[in-house]
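Enquirer: For reference, the chains in residue letters:
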Amino acid sequence: ILNVEQSPQSLHVQEGDSTNFTCSFPSSNFYALHWYRWETAKSPEALFVMTLNGDEKKKGRISATLNTKEGYSYLYIKGSQPEDSATYLCAPTTNAGKSTFGDGTTLTVKP
Amino acid sequence: NAGVTQTPKFQVLKTGQSMTLQCAQDMNHNSMYWYRQDPGMGLRLIYYSASEGTTDKGEVPNGYNVSRLNKREFSLRLESAAPSQTSVYFCASSEIDYGYTFGSGTRLTVV
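Quick mapping for you: the protein sequence lines, in order, are chains A and B.
Read left to right, the first sequence gives residues 1 to 111 (this note's numbering).
Read left to right, the second sequence gives residues 1 to 111 (this note's numbering).
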């Protein structure tokens, strides 16, 4: 089991604010990193998969970056909306195919 | 729609009763997983199956058994339910390059 840390644990922002949060993971034996969005009373859904150092992915107002050498990824949300409220999970995968989920960052966007 | 089908969605058991949670995927994924999610905690891995015919313990296997019936199906059995097993259970399948696809969850209450 990898030591995966996500920070902050929770975040409250106003509608329209931009925000970001961090996923830290061991850089050794890295293969890929997945981000998931998990809404209350639903199941987690994949947002991004990233594999290369320096990768940047974007989907609408959400983007993510990856630094495999130092073992971290940032998730950014520009102009947060109430519908962005969810828990965001990261899951690094080793080259042996083992994935570990972080505990997530829970984002609440107030109208 | 392609995905992971998990049944039942809700279940109430009395302490000591047994039950089996069923999971099937139609994406031809090799790996399948069972997680539990408790309030204030992230996803905790109960058991996983890296391929048909193999199963391995995760972080919290005590009180559970699993069967990988074929490539599509992976079931989780509680032989003698305990109140500590009250949780939301998620089945998932994955391929290393594509991340995890989750079922819709089973909300289990043991009284």
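Bear in mind the hints are in silico, worked out from the structure with no lab data behind them.
Keep in mind that a hint or two might mislead.
List of simulated lysine to aspartate or glutamate pairs, EDC-like, C-alpha gap at most 20 Å [as the list claims (entries may be wrong)]: (1) Lys98/A to Glu52/B; (2) Lys9/B to Glu83/A; (3) Lys98/A to Glu95/B.
Enquirer: With a cut-off of 20 Å on the C-alpha distance, tell me whether Lys9/B and Glu83/A pass.
Expert: Roughly 25 Å between the alpha carbons, so the hint for Lys9/B and Glu83/A is violated.
Enquirer: Keeping to a limit of 20 Å between CA atoms, is the pair of Lys98/A and Glu95/B held or broken?
Expert: Holds. Lys98/A to Glu95/B sits at ~11 Å (cutoff 20 Å).
Enquirer: Does the alpha-carbon distance linking Lys98/A and Glu52/B stay inside the 20 Å limit?
Expert: Judged against 20 Å, a Cα distance of about 17 Å means the pair holds.
Of the numbered hints given earlier, the model fails hint 2 alone.
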